[in-house]
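Undergrad: As a plain string of letters, each chain reads:
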Amino acid sequence: MNSAETPFEFFTVAYLTRIGNQSAGNLEELLAGLEQCSDASIFHHTFQTLSSHHFLTEGFSNDFAQWALAEANRDALAEQFAALDIRDYTSIAALRADLCRVLRDFIAAFPQFTRQEALDRFYFCESLEVTAPFALQAATLNEFRDGVASISHASFHFHFVTSRLRLQLRTNDFSHWLADSLGLTSLADTINRIDIYTNTLDTARSKMLRLVDRERRKHEHDSDPQPNSAR
Amino acid sequence: MSTIQIPSRIPLDDYSSVIGAGEVAELRTLANPLVGRAVTMINSTAVGGGVAEILNRLVPLAEELGINIRWEVMTGGEDFFEVTKAFHNALHGAPYHPQPSHFEIFRAYTEKNAKRLRLDSEFTVIHDPQPAGLISYRPQNSNHWIWRCHIDLSHPNPAVWNFLDTYVPHYDAAIFSSPEFAKQLPIPQYLFHPAIDPLSEKNRDLPPEFILDVLARYGIDHLRPILTQISRFDRLKDPVGVIRAYRIVRRYFDCQLVLAGGSASDDPEGAAVLKEAQVAAEGDPDIKLLELPAWAPLEVNALQRASTIVIQKSLREGFGLTVSEALWKKKPVVASAVGGIPTQIIHNHTGLLAHSVEGTAYQVRFLLSHPEIAGRLAERGHQHVKENFLITQNLKRYLTLFLKLGMPS
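Sequence order for the protein chains is Y and H. For the first sequence, the working numbering puts the final residue at 231, and the numbers step up evenly by one. For the second sequence, the working numbering puts the final residue at 1409, and the numbers step up evenly by one.
Simulated from the structure, these hints should not be mistaken for laboratory data. Predicted model, so just to flag it, every value in this text is computed and none were measured. Keep in mind that the hints are not guaranteed to be accurate.
Unchecked claim - BS3-like mimics (lysine-lysine), calculated; alpha carbons at most 30 angstroms apart, straight line:
#1 H:Lys1330 / Y:Lys207
#2 H:Lys1275 / H:Lys1386
#3 H:Lys1275 / H:Lys1085
#4 H:Lys1112 / H:Lys1085
#5 Y:Lys207 / H:Lys1112
Model the full assembly from the supplied sequences, consistent with the hints where possible.
TA: Below, the structure is given as structure tokens:
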């Protein structure tokens, strides 16, 4: 089995939630908040919240959608927010632009709801990131499998989901390395298609490990001596 | 001040069975740059109350990670604790007219304690208002001071908050349990959820025979549905409202109600609330009002585990960790949408929220009628606690904060 020249380096990550000074009690204020809040705030309420609520695989997508549904009682808006898939974004600016567009479109269509007070306010927070290398590297597919199996949820989310923002590519650290360093493009593509909204981080990881195992078996089979040639 | 020694310790590796080895390895990785660095935690009591409960678990775990951590408790006379109790209630919004002498008492004990304590750790975390004034005695070269406020400051008594506000801006950071509780301050404010310890007596697994034994002791029938609210007898926990909701549910289901809280004997208001609950419960042998001994974690644990549905019908709440305790035990929860409860109960995902007696009764009836939905909510609730409200997460947040504050700017 191939050994990569550049090993995969596993990182762990921790987030500190900073409470912002902005909050919104209605849709108009939410729009103002979305336009003005920091990138770290957009990240917190979309990428980061998906990690801390990964076990909710039905109808939970991001904090804006949840607030629109549960506090502002605007189901249609919640659906529009929830339909934004963070995997489609490689920059926070593009994600913010789409969040604002969804809300502006809704306000234009239903101006009567613009200033209707929500049950509870939306509080804008920010995620501050601290990363640290795990002292764990992988140069082969076997080592990679062992590493993925042993890392924390946060580390898995960091490499599998938030990596898009770092790489500025519609892929993830795992797929990127598998394709670039081991030449396993098909495996990389299949892993990149695992749905993070309908899977928990645990089931996404299990699916990924099954795909890696299948690839390992294929390589083991390919390297087995053929019965005829052994004679 | 006195330094607290903690006799019973649970090794960090024991948490692997609960959160996974990867999460424990992550804590060790994050703690590496903090090994040997000094942290002091200061609060006002070594026993009783949520803060002491958290520090009892947090401090030994941080120590095991190699952090040079100390836990100090502020000392004071009766006059000091009378004043700080009044401050505490006033910050929660209770009416209070402080006298200048009250502030003098606060300042005098702050000074006394400051003289007895080394305040030169790299990180000093002050818990709640009682020791908040110690910031005035911060040595010139000491590094990072953090105020951890565990109480709801959303509607504070202005006189008491204005007094406290002379201290708080001098900290480097403040920590609140909910964004709602935060104030407009010139310092960074962070969100830390309170946490439960899954391996403590209150939360660890129990043998079924022990649970049955506790039920038998209190005359509770384990064959019929049990609705439970665990909380002290306090009007803000609305025990009479819970009884009214139960009476509505009783029209449809043959169930029992357990209201269990600490003893009300040394708390005049608690005794009055218990009396009100007794009057409301009169004539129904299926309502059990239990005054538990001051610290009966195993009994609380057993009652929660035996419950069909756990209720937390508070009118106001700080964070309401009894909700997390119930969710951890995979119990469906119906709770009021107040304080920190909606953070724990994401409506229709990890439990059901209610806003009234009738709403509470309806949600309980709904869950009794749909046990499969109740089971699904409970399972997700357990995951939510595992991910966000365990002591190991709390430790991770502190490590992250220390790393962030300790980074060269």
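Undergrad: So, for every hint listed, does it hold in this structure?
TA: Structure-based check of each hint:
1. H:Lys1330 / Y:Lys207: holds (26 angstroms)
2. H:Lys1275 / H:Lys1386: Not OK: Lys1275 of chain H and Lys1386 of chain H at ~37 angstroms, beyond 30 angstroms, violated.
3. H:Lys1275 / H:Lys1085: Satisfied, since the Cα-Cα distance of roughly 24 angstroms is no more than 30 angstroms.
4. H:Lys1112 / H:Lys1085: holds (19 angstroms)
5. Y:Lys207 / H:Lys1112: violated (61 angstroms)
The structure shown violates the earlier hints numbered 2, 5.
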